[in-house]
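Asks: With the sequences and hints as input, model every part of the structure.
Residue numbers (the working numbering), protein chains in the order written: chain A, 1 to 129; chain B, 1 to 129.
Do not take every clue at face value.
As the list claims (entries may be wrong) - A short list of chain B residues far from chain A (calculated; beta carbon distances all over 10 Å):
1) 16
2) 73
3) 93
4) 101
5) 116
Stated by the list, open to error - Derived CB-CB ranges, DEER-like:
6) 117(A) x 10(B): 13 to 23 Å
7) 3(A) x 107(B): 18 to 28 Å
8) 96(A) x 88(B): 41 to 51 Å
9) 23(A) x 88(B): 26 to 36 Å
10) 23(A) x 30(B): 28 to 38 Å
Note that these hints are calculated values from the structure, not bench results. Yeah, the Cβ is synthetic: ideal placement off N, Cα and C, and Gly gets one too.
Each chain, written out:
There are 2 protein chains.
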Amino acid sequence: MERIPILKMGELLLVTIQVDMHDQLALTLQDDLTNRISAEHARGVLIDISSLEIVDSFIGRMISHISAMARVLDAETVVTGMRPSVAITLVELGLTLEGVHTALDVEKGMELLRRNLRPSVRSAPRARR
Amino acid sequence: MERIPILKMGELLLVTIQVDMHDQLALTLQDDLTNRISAEHARGVLIDISSLEIVDSFIGRMISHISAMARVLDAETVVTGMRPSVAITLVELGLTLEGVHTALDVEKGMELLRRNLRPSVRSAPRARR
Numbered sequence: 001m002e003r004i005p006i007l008k009m010g011e012l013l014l015v016t017i018q019v020d021m022h023d024q025l026a027l028t029l030q031d032d033l034t035n036r037i038s039a040e041h042a043r044g045v046l047i048d049i050s051s052l053e054i055v056d057s058f059i060g061r062m063i064s065h066i067s068a069m070a071r072v073l074d075a076e077t078v079v080t081g082m083r084p085s086v087a088i089t090l091v092e093l094g095l096t097l098e099g100v101h102t103a104l105d106v107e108k109g110m111e112l113l114r115r116n117l118r119p120s121v122r123s124a125p126r127a128r129r
Numbered sequence: 001m002e003r004i005p006i007l008k009m010g011e012l013l014l015v016t017i018q019v020d021m022h023d024q025l026a027l028t029l030q031d032d033l034t035n036r037i038s039a040e041h042a043r044g045v046l047i048d049i050s051s052l053e054i055v056d057s058f059i060g061r062m063i064s065h066i067s068a069m070a071r072v073l074d075a076e077t078v079v080t081g082m083r084p085s086v087a088i089t090l091v092e093l094g095l096t097l098e099g100v101h102t103a104l105d106v107e108k109g110m111e112l113l114r115r116n117l118r119p120s121v122r123s124a125p126r127a128r129r
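Replies: See the structure below:
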């Protein structure tokens with residue numbers, strides 16, 4: 001089954017969206033991501049959309065949903081690599097990605113997350129292997 | 001134009017291969033990656049293939065080429081997330097990825113690179129913005 005890989009980097013999870021999202025792929029990603037946040041005790045999620053030339057309301061909503069789900073699991077979401085044209089489209093679509101942090105690239109996104117993350121009560125136990 | 005995003009993380013570049021590679025995409029990736037290694041003064045390249053269920057001789061050769069190109073630019077390449085079935089196929093195809101390091105996941109790959117990287121004579125000047 002087609003799925004988007006989720007890469008673990010320390011306390012963060014990285015997702016690079018490269019392909020056109022369709023309903024099933026988006027649902028699979030939401031499932032996988034929430035499971036991984038829980039299993040890996042992740043504190044932050046980075047979603048890189050630098051290869052997306054077009055972001056429609058479907059993807060915009062998916063990002064908002066993922067961010068809301070991550071938040072209730074005590075993880076922050078940062079969207080990185082958004083193209084200027086995509087930002088214009090999102091605002092024109094009325095999607096301002098409330099509650100989603102953004103950064104120009106993954107490196108800046110990681111910095112932002114590391115700076116923002118408060119020490120967690122659950123940061124001590126590491127993910128089981 | 002379709003292209004695979006290259007994410008910069010400190011001295012490392014990360015490429016996640018999610019889509020079927022065809023000739024033009026592979027050539028674009030090689031071009032982009034060599035340009036980025038040079039522009040960003042990267043010391044290591046991580047290629048994650050965890051979402052690839054099938055690796056044929058074309059991709060195998062592409063990985064070997066990228067690794068060889070990176071090496072002459074003084075950067076090490078680590079392939080991460082290879083599935084057991086892919087490892088079997090590669091060996092059966094006679095592609096043993098000579099000179100390419102491998103690691104089970106991106107996190108281990110980053111550790112491997114950070115441990116292996118010798119201090120570089122060019123590590124002091126940072127990439128221009």
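Asks: Give a verdict on every hint.
Replies: Results of checking the hints against the structure:
1. 16: Residue 16(B) not clear of chain A: closest Cβ-Cβ about 5 Å, inside 10 Å.
2. 73: Nearest chain A Cβ is 20 Å from residue 73(B), so the label holds.
3. 93: holds (23 Å)
4. 101: Non-interface label stands for residue 101(B): nearest chain A Cβ at 17 Å, farther than 10 Å.
5. 116: Fine: 18 Å to the nearest Cβ keeps residue 116(B) off the interface.
6. 117(A) x 10(B): 13 to 23 Å: Given about 18 Å between the Cβ atoms, the range holds.
7. 3(A) x 107(B): 18 to 28 Å: For residue 3(A) and residue 107(B) the Cβ distance comes to about 19 Å; the hint holds.
8. 96(A) x 88(B): 41 to 51 Å: holds (48 Å)
9. 23(A) x 88(B): 26 to 36 Å: holds (34 Å)
10. 23(A) x 30(B): 28 to 38 Å: Given a distance of about 34 Å, which is inside 28 to 38 Å, the answer is holds.
When the structure is compared with the earlier hints, a violation turns up for hint 1 alone.
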